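Enquirer: Given next are the chains, with one letter for each unit.
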Amino acid sequence: MASLTHASSHGHAEATWRPQANRLGLWLFILSETFLFGAFISSRFVAGTDHPEELNQPLALGLTLLLLVSSISAYLGEQAIAHDDRRGFVIGLSATMLLGLAFTVGVGFEFAEAAQHFPTSTVYGSNFVMLIGLHAFHVVTGLGALGVVLNLGRTGHFGSEDHWKVEAAVKYWHFVDLAWVVIYPSLYLMGRN
Amino acid sequence: MAELTRTLEDRQALAAHHRKMMVRGGVAALLLAVLSVAEYAVTQAVEVATWYLVPFMILKGAVILQVFMHVSDVWKGGEH
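Protein chains in written order, with my numbering: chain A, 1 to 193; chain B, 1 to 80.
So here's chain A without its partners, still in its complex pose (with noise of 0.2 Å):
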């Protein structure tokens, strides 16, 4: 009886530190992979701050509007299995999903178009498909994290009271839309052409 005790009161005492443990985690995980970008977005003011005027300027306005609205439809989603509403959490993560591959279309017709304006031979080219490769890189890991947790919340799974998974996958979305936040205009918009 004592032991039953003991192993109830350890398990509640689990539930109450493992989402904070877990969410500490994941904080610590973005902050490495914001060291990570903040290396590479350094490197491209190395050799100054101004950009070709080959960029395809409403390609990359476009992009960034798919990705502002990815990050509203994944906080919906999110939103909505935490208050037990399973038709907006599907709904949400799946515009969201359709947005994120519209955005790694995008990018494949703009390595296609920098392979022809600024090769990687050049100081701009290589930090630009250095910097757009390791972002597309984290929206197709995100895509996949997002596709387990949807299929998943489509079986059944998540609730508000358990709903963690959906939580990780969701925010480091939001993470791969902050980044792209400072890399666009690093890229694009500073400097003169």
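Just to be clear, a hint being listed does not mean it is correct.
[Stated by the list, open to error] 30 Å max Cα-Cα, derived DSSO-like pairs, lysine-lysine:
hint: 1; chain 1: A; residue 1: 165; chain 2: B; residue 2: 76
hint: 2; chain 1: B; residue 1: 76; chain 2: B; residue 2: 20
hint: 3; chain 1: A; residue 1: 165; chain 2: B; residue 2: 20
None of these hints come from the bench; they were simulated from the model.
Quantities reported herein were computed from a predicted structural model and do not represent experimental measurements.
Following the hints, complete the assembly by docking chain B onto the known chain A.
Expert: Chain B only, in chain A's frame:
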């Protein structure tokens, strides 16, 4: 009956909180859209806009960090 009433109250509270969070998300979305358009407008108006863009990056980053990522929960220890 009391159990049923409590469940109903819980559901109403949950729905009210959901509405509040949706409004919060909508306001953040609007703010991000305005900041993005203003950021682009500044680059068109100013010849070399490098330093003018930094406040936009900080503001947009702060909105995403606080509204979407709930960064203050890290030091407040709360749950969103």
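Enquirer: Which of the numbered hints are not met once you compare them with the structure shown?
Expert: none
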